[in-house]
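FYI, full-length UniProt numbering numbers position 114 of the sequence shown as 114, with every residue one higher than the one before it.
Don't read these hints as lab results, they were simulated from the structure. Since the structure is predicted, the reported quantities are computational estimates derived from the model, not experimental observations. None of the hints are false.
Restraint ranges, calculated between C-beta atoms of paired labels, are given here:
1. Arg117 <-> Thr182: 37 to 43 Å
2. Ala42 <-> Gln63: 17 to 23 Å
3. His154 <-> Arg43: 39 to 45 Å
4. Val47 <-> Ala157: 44 to 50 Å
5. Gly115 <-> Ala157: 45 to 51 Å
6. His118 <-> Pro183: 31 to 37 Å
7. Ala42 <-> Thr96: 28 to 34 Å
All C-beta atoms in this analysis are idealised placements derived from N, C-alpha and C, irrespective of residue type, glycine included.
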Amino acid sequence: MASAGNSVLVVGLGRFGSAVAQTLNDLGQDVLAVDRNPVLVARWSNVFNVVEADMTDVLAVDQIGAQDFTKAVVAIGDGIEASVLTIGNLLDAGVTDIWAKSVSKEHTRILQRMGARHIISAEADAGKRVGHLVAGEYLDYIEIEGPYTVVKIHTPASMANKTVGQAHVRERYGITIVGAITPGLDFRHGDEDTVMHRGDELIVLGLQDQIDRFIRD
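Let's have the full structure, built from the sequences with the hints guiding it.
Below you can see the structure in the form of structure tokens.
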């Protein structure tokens, strides 16, 4: 069983939860995963620490020592009731930092009222990202807190072979060039002297309309 303190409790071993648990494990984090499905427990038992338990049951929460964890990921996606009961039990046990998967807007509202710190709308976030990628102007897209996004784009034709300073990127568009990637070379952090070569991939931070204007100018 995972040790207390800096360990992460992951509840639910569907595709989302198992990916979270495996990634945390690969990153060297101390993980304890829990699922009530014995088939899923058996599948992952040789990869990371996992126990079979129903976390909607207060006794099970106590038996696995949930009170010793400061951080938990609730990845239950097959029912709002099970998710809500589990999160309520974890909050009552004193888990202070909960990341919860939401399956609907209604679910999100409930989780917010309960006090879950981080709510992940996995399907909605993935759908939004894919929509931007299919549209063809972004190579990658990440929505961050608030109205800002981080995107990866090819250098716009109008910016080719100019430095960030020469193009007055910040002043004209309000965006930040976080870095640039030239095929075959190492990542370069962005600053006023960064040259935006034709064919480079630029990592850009800003409001979406600002980024779109930078691409199309």
